[in-house]
Amino acid sequence: MDIFLQQIINGLTLGSVYAIVALGYTMVYGIIQLINFAHGELVMLGAMVAFSVIGALAGTALPPVLIVLAGILAAVPACMLVGYAMERVAYRPLRGAPRLAPLITAIGISIILQHVALLVWSRSPLAFPQIIPLVSFHVGGAIITGVQIAIILTSVLMMGGLTLMVYRTKLGIAMRATSQNPQVAGLMGIDIDRIIAFTFIVGAALAAVAGVMVGTYYGIAHYSMGSLLGMKAFSAAVLGGIGNLAGAMLGGILLGIVEALGAGYIGDLTNNVFGSNYQDVFAFLVLIAVLVFRPSGLLGERVGDRA
Amino acid sequence: MPNREPEQGTGDGVLLECAGLDKRFGGVLALAEVGFSIDRGEIYGLIGPNGAGKTTLFNALTGIYGCDAGGFSFDGEPLAGLRPDQIAARGIARTFQNIRLFGNLSALDNVMIGRHVRTRAGVFGAILRTRATLEEEAAIEKRALELLDYVGIAARGNDVARQLPYGDQRRLEIARALATGPKLLALDEPAAGMNATETLELKKLLQRVRTDGTTILLIEHDMKLVMGLCDRVLVLDYGRRIAEGAPREVQRDPRVIDAYLGGAA
Amino acid sequence: MRGVNMFAKPQAKWVGVALIAIALIALPFALAAAGTAWVRIANLAILFVFLSLGLNIVVGFAGLLDLGYIAFYAVGAYAYALLASPHFDLHFPFWVILPIGGLVACLFGVLLGAPTLKLRGDYLAIVTLGFGEIVRIFLNNLSQPVNITNGPQGISRIDPFSFGSFSFSDNENFFGLAFSGPIKYYYILLALLLLAIVVNLRLQHSRIGRAWEAIREDEVAARAMGIDTTRIKLLAFAMGASFGGIAGGMFAAIQGFISPESFVLVESIMVLSMVVLGGMGNVWGVVLGAVLLSFVPELLRYTVEPLQKSLFGRSIIEPEVIRMLLFGLALVLMMLYRPAGLLPSAVRKRELAKPDADNA
Numbered sequence: 001m002d003i004f005l006q007q008i009i010n011g012l013t014l015g016s017v018y019a020i021v022a023l024g025y026t027m028v029y030g031i032i033q034l035i036n037f038a039h040g041e042l043v044m045l046g047a048m049v050a051f052s053v054i055g056a057l058a059g060t061a062l063p064p065v066l067i068v069l070a071g072i073l074a075a076v077p078a079c080m081l082v083g084y085a086m087e088r089v090a091y092r093p094l095r096g097a098p099r100l101a102p103l104i105t106a107i108g109i110s111i112i113l114q115h116v117a118l119l120v121w122s123r124s125p126l127a128f129p130q131i132i133p134l135v136s137f138h139v140g141g142a143i144i145t146g147v148q149i150a151i152i153l154t155s156v157l158m159m160g161g162l163t164l165m166v167y168r169t170k171l172g173i174a175m176r177a178t179s180q181n182p183q184v185a186g187l188m189g190i191d192i193d194r195i196i197a198f199t200f201i202v203g204a205a206l207a208a209v210a211g212v213m214v215g216t217y218y219g220i221a222h223y224s225m226g227s228l229l230g231m232k233a234f235s236a237a238v239l240g241g242i243g244n245l246a247g248a249m250l251g252g253i254l255l256g257i258v259e260a261l262g263a264g265y266i267g268d269l270t271n272n273v274f275g276s277n278y279q280d281v282f283a284f285l286v287l288i289a290v291l292v293f294r295p296s297g298l299l300g301e302r303v304g305d306r307a
Numbered sequence: 001m002p003n004r005e006p007e008q009g010t011g012d013g014v015l016l017e018c019a020g021l022d023k024r025f026g027g028v029l030a031l032a033e034v035g036f037s038i039d040r041g042e043i044y045g046l047i048g049p050n051g052a053g054k055t056t057l058f059n060a061l062t063g064i065y066g067c068d069a070g071g072f073s074f075d076g077e078p079l080a081g082l083r084p085d086q087i088a089a090r091g092i093a094r095t096f097q098n099i100r101l102f103g104n105l106s107a108l109d110n111v112m113i114g115r116h117v118r119t120r121a122g123v124f125g126a127i128l129r130t131r132a133t134l135e136e137e138a139a140i141e142k143r144a145l146e147l148l149d150y151v152g153i154a155a156r157g158n159d160v161a162r163q164l165p166y167g168d169q170r171r172l173e174i175a176r177a178l179a180t181g182p183k184l185l186a187l188d189e190p191a192a193g194m195n196a197t198e199t200l201e202l203k204k205l206l207q208r209v210r211t212d213g214t215t216i217l218l219i220e221h222d223m224k225l226v227m228g229l230c231d232r233v234l235v236l237d238y239g240r241r242i243a244e245g246a247p248r249e250v251q252r253d254p255r256v257i258d259a260y261l262g263g264a265a
Numbered sequence: 001m002r003g004v005n006m007f008a009k010p011q012a013k014w015v016g017v018a019l020i021a022i023a024l025i026a027l028p029f030a031l032a033a034a035g036t037a038w039v040r041i042a043n044l045a046i047l048f049v050f051l052s053l054g055l056n057i058v059v060g061f062a063g064l065l066d067l068g069y070i071a072f073y074a075v076g077a078y079a080y081a082l083l084a085s086p087h088f089d090l091h092f093p094f095w096v097i098l099p100i101g102g103l104v105a106c107l108f109g110v111l112l113g114a115p116t117l118k119l120r121g122d123y124l125a126i127v128t129l130g131f132g133e134i135v136r137i138f139l140n141n142l143s144q145p146v147n148i149t150n151g152p153q154g155i156s157r158i159d160p161f162s163f164g165s166f167s168f169s170d171n172e173n174f175f176g177l178a179f180s181g182p183i184k185y186y187y188i189l190l191a192l193l194l195l196a197i198v199v200n201l202r203l204q205h206s207r208i209g210r211a212w213e214a215i216r217e218d219e220v221a222a223r224a225m226g227i228d229t230t231r232i233k234l235l236a237f238a239m240g241a242s243f244g245g246i247a248g249g250m251f252a253a254i255q256g257f258i259s260p261e262s263f264v265l266v267e268s269i270m271v272l273s274m275v276v277l278g279g280m281g282n283v284w285g286v287v288l289g290a291v292l293l294s295f296v297p298e299l300l301r302y303t304v305e306p307l308q309k310s311l312f313g314r315s316i317i318e319p320e321v322i323r324m325l326l327f328g329l330a331l332v333l334m335m336l337y338r339p340a341g342l343l344p345s346a347v348r349k350r351e352l353a354k355p356d357a358d359n360a
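From first to last, the protein sequence lines stand for chains G, A and L. Residue numbering for the first sequence follows this note's numbering, starting at 1 and increasing by one per position. Residue numbering for the second sequence follows this note's numbering, starting at 1 and increasing by one per position. Residue numbering for the third sequence follows this note's numbering, starting at 1 and increasing by one per position.
Here chain G is said to cover these stretches of chain L; the calculated rule only asks that three of the stretch's residues, wherever they fall, bring their Cβ under 8 Å from a Cβ of chain G:
id, region
1, 63 to 71
2, 107 to 119
3, 123 to 137
4, 314 to 325
5, 335 to 345
To be clear, the hints were calculated from the coordinates, so they are not data collected in a lab. In this text, a Cβ means the ideal position worked out from N, Cα and C, and glycines have one as well.
With the rest of the complex left out, here is chain G (with noise of 0.2 Å):
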């Protein structure tokens, strides 16, 4: 088996994960320059409506691709929904106030929701049931299975999709403009408020869809697995140039990549000091690098560190 490859293939799945959910705290940031801690948290929550759904529709005669897609569409309005909420109670009343602020609200929605999806769903993971066939197919030494090839291609949709609403759409035009200059925008007749709950709900959207995805890629989804993803994918983000939409993409991607070659390589390049069980280490620590060396990320123009 070509491990390169293989582990390409793999980095290629995740890293379209990661880089749908950086999407949206690029938007949020791009918008109103707040990190939402809380995305990850709807990632979650997005994997634990829709598994619910799938588990109890999983008995059923449906096709399994119905019942995924009935998954996605109960877990995309409950986030949207959600994703509104945090805005409207959280985040809007400190607009304008030092960002110390909206930062220490967005830990404690994040740390709220976490504990509300573990009063809801307890503990113990929701299992994806076994209702997709195992299809996979061989390309030069590697393996891509069914899921992984779905995975990807949704990703690219949304992505393509995205790209046309904000560069095509008189909202999208919209959201540009606020995220220029809110002032202006607002006098130019743009309601300011409803462009930037508009971004939390689309991110939140996206967030839904990127929970079923790395849910069924890992067949598991428990109340705690929002927010090493949310750190990832916000590395991503800036790995990419926050504020910067194909820089999210392009970031996802390449931290996907990245992790994939760091787990399949790094017990050879250490001689087996470190293993595999450092996966998680890859993604800060490109973090860390970025924002040391590169603080704009590899398509940010603005270097956001002076004042």
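Using the hints, position chains A and L against chain G.
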């Protein structure tokens, strides 16, 4: 009250020299081959229409921006590559066009912070409250109170900086800058927003600062103040030096008149 | 003008201080009457106050959000555990290794801070969070190829504090009073805590403390006034980290056992909640916040659970979940309604007030 710091150099001659200074922002040349020199004990004016590059020059001087070519030499030593705090330590203190006080702190604390660069107590001194630290603290407070009095806001020491009247905020900024024990005090539009009486008092204050031994570099739009206060004036337009000399000469310079009328029209 | 004048007249102040001192001295015996568990809880509360004071230097004084603070606690705890346990068969006395733990944690603080303190505040928050996770992952995995941390199993049989044959973990009788191990620890922890409070207060009202305030208020102006902002921030980071390291050492000693489980992200957030609840930048506020958030959840544990059992016949909501929900709510509600905390520092209160006209 003498304003001179013990570490302050004396003697005549050039204090600040600027040569061939270029500063670019992207494709825009904000400063082009600017050169001038300021003598010790002088009040040197920097004027020009809006956007002429005056504040940019201040920011380059105080290390907020790097220079693309040329640079400054202060007290005989180049300032290139120094950070703002290092430049302050060398003896250049500044105020800001859009007042940047530590708004939520008291006026006294603002000035005491200005003493930071001339004092040395560290973490251990602070924790152990050594005699040296206590003496230094007392000296800091004493000096800060003196400076508040010097700029004429002695009664305002305990007031929150942000809540001071506008004119007092400008004075406080000057007191804070003087607290760093500067050889050169760089003021960015200190009279902006002041009424005639306040401006007159400011003029007296600045004359006193100079008499007490601190050289002044002054950006100002109030021409009456500039003409009445400055020994020499440099005029910038579109980032270029267009004239330099005594206020009266500069005032009659056709290029200057042209720049101002062109800029104001 | 400076300091906390809780009582108007000096005599009244000293009476107040004496009353508080007597209460603090009597406290463990009162708690012991309710069960030794409560003395242990009090000891842990003191540790959390200690930790919160350390984090207060970073967050409250210097205004830097550190979300990986618990990593320094971990470093101190492991430093203590490795130097005073059968794991490497080293048994240094505690008064040697507590400072060592503080120094090692300080070193980690500098290592993390030096490259990252130039970053803007919210980026710094994320980097510190990442750092906390990295430290935990290493603690979990550094059992191979050389067994340093013993992995997820952690390190056990850590030496208690002791002077010669006098060990703080044994039960003893003095003056006819039963001094259990936890009670003895209570007094030494309390003494160290008082020291920490003095250090905090003195730092706040010093040249360095003023420089931190300046940076928090306006970094550009602070630099122009000659403050080397990176160095001064690093100092805050290093001081905070040392506090964390020393607290970690005390934790290892009183628990006798540590594992990476004790140093998860949630713990960092708990300490942050304490600082925020009490009042960033105000030493007494932080003490109050840490005491409240240490005891209230325990009280809930002892009341809500029996209550649930009697009402529903079983425990529906685990006390741990209640505790966490409480922390989360504390963070959100405090920021929304009382951003400067229960006992705000005057300056911080002005800083965190909603922007209004005079702030333009």
